[in-house]
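Sequences listed follow chains R and Z, in order.
If you read the first sequence in the working numbering, its first letter stands for residue 1, the second for the next number, and so on.
If you read the second sequence in the working numbering, its first letter stands for residue 1, the second for the next number, and so on.
Treat the hints as calculated values from the structure; they're not laboratory data.
Don't take every hint at face value.
What the hints assert, rightly or not - One-sided and incomplete, this derived list gives chain R residues near chain Z with beta-carbon spacing under 10 Å:
1. L142
2. T203
3. S272
4. A302
To be verified - To spell it out: a stretch of chain Z is covered by chain R in this simulated footprint if at least three of its residues, at any positions, have a beta carbon under 8 Å from a beta carbon of chain R; those stretches are:
5. 124–132
6. 160–170
7. 295–306
We treat Cβ as the ideally placed atom computed from N, Cα and C, and that holds for glycine.
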Amino acid sequence: MTAKDIEPTRSLAKRRRLPDEIGVAGALVALVVVVGVVQPRFFDVKNLLNLVANNSIVAILAMAIVFLLATGEIDLSFGYILNLAAVSSGLLMIAGLPVIAAVAAAIVIGGLLGALNGVLAVSFRLPLIIITLGTASMFQGLSLVINRSGSVVPPQEIRETWFFQFFGGQSGFPFPPIILVLGAVFIILSVLFKRTRFGYRVTALGSNPEAARLAGIPVHRVKIQVTVLMGLTAGLGGVLFLGFRGAVDPTTGSGYLLPVIAAAIIGGNPLSGGSGTLVGALLGALVIAVIDTGIVFLGIDAVWSTFVTGTVIVVAVGIDQAIRFQRRRAER
Amino acid sequence: MKKIFQASAIGFMALVLAACGGGVTTSESTSSSPAETTDSVSEETTDSVSEEQAPLTIGFVTHVIGNPFIQQIIDAAQQAADDLGVTLQVTGPAGAEADAQLKAAQTLVAAGVDGIAISVPSESMAQGLNQIITDGTPIVTFNLMQSSVNAPYVGEKSVESGRVLGAAMLDAIGGASASGQAILGNCFPGFPVLENRATGVQESLSIATGVEILGPFDVKVDAAENYGKWEGLLGANPDALALIGLCAPDIASLGKLKQANPDSAFLGGGYDLTTENLAAIKSGDATMSLGQTPFMQGYAPVYMLVDAIRNGIDIGKPSFLNSGTEIVTKDKVIEPFGLPSITFAELEEIAASPAKSREYYQPLVDGVIANWQSELRPIAEESS
Numbered sequence: 001m002t003a004k005d006i007e008p009t010r011s012l013a014k015r016r017r018l019p020d021e022i023g024v025a026g027a028l029v030a031l032v033v034v035v036g037v038v039q040p041r042f043f044d045v046k047n048l049l050n051l052v053a054n055n056s057i058v059a060i061l062a063m064a065i066v067f068l069l070a071t072g073e074i075d076l077s078f079g080y081i082l083n084l085a086a087v088s089s090g091l092l093m094i095a096g097l098p099v100i101a102a103v104a105a106a107i108v109i110g111g112l113l114g115a116l117n118g119v120l121a122v123s124f125r126l127p128l129i130i131i132t133l134g135t136a137s138m139f140q141g142l143s144l145v146i147n148r149s150g151s152v153v154p155p156q157e158i159r160e161t162w163f164f165q166f167f168g169g170q171s172g173f174p175f176p177p178i179i180l181v182l183g184a185v186f187i188i189l190s191v192l193f194k195r196t197r198f199g200y201r202v203t204a205l206g207s208n209p210e211a212a213r214l215a216g217i218p219v220h221r222v223k224i225q226v227t228v229l230m231g232l233t234a235g236l237g238g239v240l241f242l243g244f245r246g247a248v249d250p251t252t253g254s255g256y257l258l259p260v261i262a263a264a265i266i267g268g269n270p271l272s273g274g275s276g277t278l279v280g281a282l283l284g285a286l287v288i289a290v291i292d293t294g295i296v297f298l299g300i301d302a303v304w305s306t307f308v309t310g311t312v313i314v315v316a317v318g319i320d321q322a323i324r325f326q327r328r329r330a331e332r
Numbered sequence: 001m002k003k004i005f006q007a008s009a010i011g012f013m014a015l016v017l018a019a020c021g022g023g024v025t026t027s028e029s030t031s032s033s034p035a036e037t038t039d040s041v042s043e044e045t046t047d048s049v050s051e052e053q054a055p056l057t058i059g060f061v062t063h064v065i066g067n068p069f070i071q072q073i074i075d076a077a078q079q080a081a082d083d084l085g086v087t088l089q090v091t092g093p094a095g096a097e098a099d100a101q102l103k104a105a106q107t108l109v110a111a112g113v114d115g116i117a118i119s120v121p122s123e124s125m126a127q128g129l130n131q132i133i134t135d136g137t138p139i140v141t142f143n144l145m146q147s148s149v150n151a152p153y154v155g156e157k158s159v160e161s162g163r164v165l166g167a168a169m170l171d172a173i174g175g176a177s178a179s180g181q182a183i184l185g186n187c188f189p190g191f192p193v194l195e196n197r198a199t200g201v202q203e204s205l206s207i208a209t210g211v212e213i214l215g216p217f218d219v220k221v222d223a224a225e226n227y228g229k230w231e232g233l234l235g236a237n238p239d240a241l242a243l244i245g246l247c248a249p250d251i252a253s254l255g256k257l258k259q260a261n262p263d264s265a266f267l268g269g270g271y272d273l274t275t276e277n278l279a280a281i282k283s284g285d286a287t288m289s290l291g292q293t294p295f296m297q298g299y300a301p302v303y304m305l306v307d308a309i310r311n312g313i314d315i316g317k318p319s320f321l322n323s324g325t326e327i328v329t330k331d332k333v334i335e336p337f338g339l340p341s342i343t344f345a346e347l348e349e350i351a352a353s354p355a356k357s358r359e360y361y362q363p364l365v366d367g368v369i370a371n372w373q374s375e376l377r378p379i380a381e382e383s384s
């Protein structure tokens with residue numbers, strides 16, 4: 001066989017190569033079909049839209065954490081950044097600040113908290129996971145101080161403004177508007193990750209930090225930028241939660257850590273860094289959502305639900321790692 | 001290959017899921033022993049909610065799964081479902097995550113349940129729950145409440161129970177002339193019911209001008225963390241006269257703490273009558289615990305929902321059904337609603353056996369629960 005014979009074969013193989021996310025997409029479809037066949041009500045459009053809406057914040061955070069995972073880092077504090085941003089926004093509204101200004105302030109606050117994480121990690125030359133072990137408690141504690149361990153509930157006249165009416169589902173919009181935000185964030189983050197120099201630098205940093213530094217990539221600056229992005233997204237998540245639910249509690253955000261990271265990993269994002277897929281993270285979030293919802297639809301005992309959820313996550317992560325190992329062996 | 005493998009594995013798990021769902025019916029899986037329900041009890045169910053009525057499914061959503069006190073509530077709810085011939089579907093997050101709990105309720109509605117019984121730990125759940133009610137699915141709340149939810153609430157009078165606990169503990173440490181420190185612990189700061197309990201306890205303790213009230217401190221709900229927090233508080237205040245908890249895990253922790261520090265003078269008081277808590281009281285390591293009649297908090301919401309659905313009763317507004325307060329020390333057991341007197345040993349048996357519990361609380365079923373409509377009070381009475 002000559003080189004000319006190989007070339008068309010390779011081109012054909014390249015054209016035929018399925019996207020990496022096809023596996024998790026197939027799994028999602030399989031889950032939806034299985035649950036829906038057993039319980040046809042699952043296919044109800046309103047149910048499916050509510051499923052997406054209820055898990056939009058997890059999906060948004062999962063897409064943002066792809067950037068961090070691509071650099072080989074993890075942030076443990078984003079749930080509490082979300083909480084503190086939401087609490088701040090609510091309190092600012094109650095204090096008289098216009099709703100839009102309070103929303104913008106919360107997103108900025110999220111970005112600043114993210115920046116704090118990045119600056120501390122870079123300054124102390126510590127992995128972000130260690131820094132955010134501490135800042136998570138700091139942000140949680142600060143939130144408890146400013147909300148006095150209670151819920152922040154904007155009064156009725158504020159909850160009748162467009163922001164709450166729209167995101168709370170009272171405006172008559174044909175589907176939950178938070179899904180629009182999910183779509184917009186997906187587009188923006190996808191462009192950022194795949195089409196900008198920033199996105200290239202993120203994956204380069206994760207692939208080989210030393211090589212990235214030698215190539216002239218400002219490593220510290222990129223690390224801080226990624227944490228700022230995570231903080232901004234968490235802040236956005238906080239105001240979306242406030243608009244969606246109409247109130248924020250002391251524990252809001254504390255339960256997001258596991259599902260967000262699990263969504264990203266199920267979607268095919270490696271913990272080791274160097275690559276990432278936002279589509280995968282989005283699909284991973286939907287997989288977790290369908291599992292959680294499917295367990296209720298199928299009437300599985302609440303005690304078993306935790307086991308089933310954890311098992312699926314372990315299987316997905318284990319298979320992903322096994323296949324990567326095999327691929328590395330094949331490439332040698 | 002990777003993608004096929006990945007899809008197959010998750011698809012396989014999906015099939016396991018479906019198989020589990022098909023094989024495990026909710027009423028059988030959650031009932032500790034349906035066979036223990038006596039025939040005579042089923043026959044005594046009132047005519048208005050008899051078993052001959054149309055089959056219904058009630059969703060039962062708790063704020064945490066795997067907690068002994070919550071399990072007592074779930075057991076009672078299952079007994080109500082068995083008595084009334086309805087299916088009970090129990091769900092809830094492993095940890096206390098309000099948003100996950102709300103999503104579970106919304107999913108149950110989408111799955112077609114006829115009514116929802118739910119504990120409401122967070123205000124952020126209120127809007128979603130009110131939407132469920134507006135859309136036509138009735139709700140009854142229990143154990144934890146938010147007054148903004150348009151539904152009846154079955155629970156204790158939280159400030160009043162705090163007053164009772166505070167007064168009893170003050171008595172135990174020397175009464176109005178007592179002098180020293182009393183430490184309060186709250187496993188979930190911000191929960192209105194727990195904050196109300198704290199208010200009541202502090203009200204009673206403040207009668208003794210010589211008693212310095214410290215806290216409430218966050219003592220966490222996880223058993224291991226809870227013990228650690230109390231241990232730290234005692235270490236910081238070794239001469240404290242009383243350690244008073246507001247949640248279910250506290251008495252067991254305080255009992256262990258007393259065993260570990262036998263020379264310490266503190267007396268422990270708190271809430272709920274789980275087997276662990278009763279063991280601590282029996283051994284003398286804890287002084288007293290208040291119960292909030294978990295049987296009532298489990299049975300009544302299911303009964304009320306079934307009655308409301310079958311008889312077209314509108315329950316879409318805030319109201320309060322008092323579940324009563326039980327007072328238990330090593331030497332005495334005081335039950336609410338004029339229930340028969342029982343000894344501590346009998347209470348232990350009741351706490352450990354859903355069947356015995358069912359038998360003992362039959363007068364409640366025939367009385368307060370059967371007449372729930374006339375027993376309902378304005379929601380403001382919960383915190384009076």
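How about the stretch 160–170 of chain Z: do at least three of its residues have a C-beta closer than 8 Å to a C-beta of chain R?
violated (count 0)
Chain R covers the stretch 124–132 of chain Z, three or more CB atoms within 8 Å, holds or violated:
Held - the stretch 124–132 of chain Z has 6 residues with a Cβ nearer than 8 Å to chain R, which meets the minimum of three.
Please verify the coverage claim for the stretch 295–306 of chain Z: does it have three or more residues whose C-beta sits within 8 Å of some C-beta in chain R?
violated (count 0)
Can the hint on L142 (chain R) be confirmed by a CB-to-CB distance to chain Z that is less than 10 Å?
violated (14 Å)
Against chain Z, run the beta carbon of S272 (chain R) and see if the smallest gap drops under 10 Å.
Result: violated, 16 Å to nearest chain Z Cβ.
Taking 10 Å as the limit, does the beta-carbon of T203 (chain R) come near enough to a beta-carbon in chain Z?
At about 19 Å, which exceeds the 10 Å cut-off, the nearest Cβ of chain Z leaves the hint on T203 (chain R) violated.
Against chain Z, with CB atoms and a cut of 10 Å, does the hint on A302 (chain R) hold up?
Because about 4 Å separates A302 (chain R) from the closest Cβ in chain Z, which is inside the 10 Å limit, the hint holds.
Figure legend: structure checked against the earlier numbered hints; hints not met, in rising order: 1, 2, 3, 6, 7.
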